[in-house]
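Engineer: Chains as they are written, first to last, in our numbering: chain A, 1 to 119; chain B, 1 to 107.
None of these hints come from the bench; they were simulated from the model. Take the hints with a grain of salt, since some may be wrong.
Calculated cross-link-like contacts (lysine to aspartate or glutamate; reagent style DMTMM-like; alpha-carbon spacing at most 20 Å) [claimed, not checked]:
| # | chain 1 | residue 1 | chain 2 | residue 2 |
| --- | --- | --- | --- | --- |
| 1 | A | LYS43 | B | GLU22 |
| 2 | A | LYS43 | B | ASP1 |
| 3 | A | LYS43 | B | ASP28 |
| 4 | A | LYS65 | B | ASP1 |
| 5 | B | LYS39 | A | ASP54 |
| 6 | A | LYS42 | B | GLU105 |
| 7 | B | LYS42 | A | GLU46 |
| 8 | B | LYS39 | A | GLU46 |
Some, not all, of what chain B presents toward chain A, calculated at C-beta under 8 Å [said to hold, decoys possible]:
| # | residue |
| --- | --- |
| 9 | ALA34 |
| 10 | SER43 |
| 11 | LEU46 |
| 12 | ASN50 |
| 13 | PRO59 |
| 14 | SER63 |
| 15 | PHE87 |
| 16 | GLN89 |
| 17 | TYR91 |
| 18 | TYR94 |
| 19 | PRO95 |
| 20 | TRP96 |
| 21 | THR97 |
| 22 | PHE98 |
| 23 | GLY100 |
Just so you know, even glycine gets a beta-carbon here, dropped at the ideal spot from N, CA and C.
Chain by chain, the residues:
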Amino acid sequence: EVQLVESGGGLVQPGRSMKLSCAASGFTFNNYDMAWVCQAPKKGLEWVATISYDGSSTYYRDSVKGRFTISRDNAKSTLYLQMDSLRSEDTATYYCARAPGTTVPFDYWGQGVMVTVSS
Amino acid sequence: DIQMTQSPASLSASLGETVTIECRASEDIYNGLAWYQQKPGKSPQLLIYNANSLHTGVPSRFSGSGSGTQYSLKINSLQSEDVASYFCQQYYDYPWTFGGGTKLELK
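Go ahead and model the full structure; you've got the sequences and the hints to work with.
Structural biologist: Shown next, in the form of structure tokens:
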């Protein structure tokens with residue numbers, strides 16, 4: 001069974017940093033691209049970033065470029081999102097998702113972790 | 001960026017009814033279109049990919065259609081467990097973008 005379990009969320013002050021983790025199991029992690037998707041309270045979904053199966057390629061939405069870094073440790077089957085210079089508008093639930101390829105977007109999602117940016 | 005416009009924003013339907021949700025892209029997305037279901041307090045679940053391919057384990061009462069810039073999700077014979085929000089998503093080009101969502105309730 002595919003499982004994605006996020007951790008690392010919480011309350012953080014504007015301008016500070018936070019690192020999210022996503023532990024994967026039930027599939028061969030290093031065969032799949034992975035992604036982060038966020039959802040602000042009572043709002044819709046926004047794609048944040050994607051990393052290729054081997055970590056060689058990364059893609060970001062414009063609003064997080066230069067502030068967020070997606071990475072992965074295939075030996076630990078873990079995906080990360082380093083979030084720096086956090087802003088109030090980054091407040092959201094962050095989901096990690098498996099991204100099988102160009103024909104299938106996000107086929108499995110984690111349960112999500114809440115990040116609140118507030119002073 | 002490709003804009004995804006989803007309609008209606010909310011929908012009320014009766015058990016057993018057929019429901020259709022529409023999604024319009026701001027440019028041709030060549031069937032790079034997915035539909036997700038999200039129940040309150042839960043993460044999204046993939047229903048449809050490639051505009052009309054049913055994801056593993058999804059009931060056959062769900063179907064997707066469309067091409068170019070116009071796509072739709074149809075739910076036949078609405079069940080109580082289908083009460084949820086539904087989102088379309090284009091993955092033809094980065095940044096991947098979602099529609100604003102449709103909240104489906106029982107009448």
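Engineer: If a hint holds in the structure, say so; if it doesn't, say that too.
Structural biologist: We went through each hint and held it up to the structure:
Proposed proximity of LYS43 of chain A and GLU22 of chain B is supported: the alpha carbons are some 19 Å apart, at most 20 Å. Taken as a hint, the LYS43 of chain A and ASP1 of chain B pair is honoured in the structure, with Cα atoms around 19 Å apart against an allowance of 20 Å. Of the supplied pair hints, the one linking LYS43 of chain A and ASP28 of chain B is violated, its CA atoms being roughly 25 Å apart against a limit of 20 Å. With a C-alpha separation of about 15 Å, the suggested pairing of LYS65 of chain A with ASP1 of chain B holds against the 20 Å cut-off.
Note on LYS39 of chain B and ASP54 of chain A: the hinted pairing is violated, with a Cα-Cα distance of about 33 Å set against a maximum of 20 Å. Simply put, LYS42 of chain A and GLU105 of chain B have alpha-carbon atoms about 16 Å apart, close enough for the 20 Å limit, and the pair holds. A C-alpha spacing of about 16 Å is found between LYS42 of chain B and GLU46 of chain A, which places the hinted pair at or below 20 Å, so the restraint holds. Between LYS39 of chain B and GLU46 of chain A the alpha-carbon distance is near 17 Å, which keeps this suggested pair within the 20 Å criterion.
Taking 8 Å as the C-beta contact cut-off toward chain A, the hint placing ALA34 of chain B at the interface holds, the least distance being around 5 Å. At about 4 Å, the closest approach between the beta carbon of SER43 of chain B and any beta carbon in chain A falls short of 8 Å, and the interface hint on this residue holds. For LEU46 of chain B, the shortest C-beta to C-beta distance to chain A is roughly 5 Å, which falls under 8 Å, so the interface hint holds. Because the beta carbon of ASN50 of chain B sits about 6 Å from the nearest beta carbon in chain A, less than 8 Å, this interface hint is met.
This hint is violated: PRO59 of chain B has a C-beta 17 Å from the nearest C-beta of chain A, more than the 8 Å allowed. Interface hint at SER63 of chain B: violated, since its Cβ lies 17 Å from the closest Cβ of chain A, which is beyond the 8 Å cut-off. Checking PHE87 of chain B against chain A: minimum C-beta separation of about 6 Å stays under 8 Å; hint holds. For GLN89 of chain B, the interface hint holds, the least distance from its beta-carbon to any beta-carbon of chain A being 6 Å, beneath 8 Å.
With its C-beta approaching chain A no nearer than about 4 Å, TYR91 of chain B sits inside the 8 Å limit, and its interface hint holds. With 8 Å as the threshold, the beta carbon of TYR94 of chain B comes within range of chain A, its nearest partner Cβ sitting at about 5 Å, so the hint holds. Checking PRO95 of chain B against chain A by beta carbon gives a least distance of about 5 Å; that is within 8 Å, so the hint holds. Evaluation of the TRP96 of chain B hint against chain A yields a held restraint, the C-beta minimum of about 4 Å falling below 8 Å.
For THR97 of chain B, the shortest C-beta to C-beta distance to chain A is roughly 7 Å, which falls under 8 Å, so the interface hint holds. Proximity of PHE98 of chain B to chain A holds as hinted, the smallest CB-CB distance being about 4 Å (cut-off 8 Å). Checking GLY100 of chain B against chain A: minimum C-beta separation of about 5 Å stays under 8 Å; hint holds.
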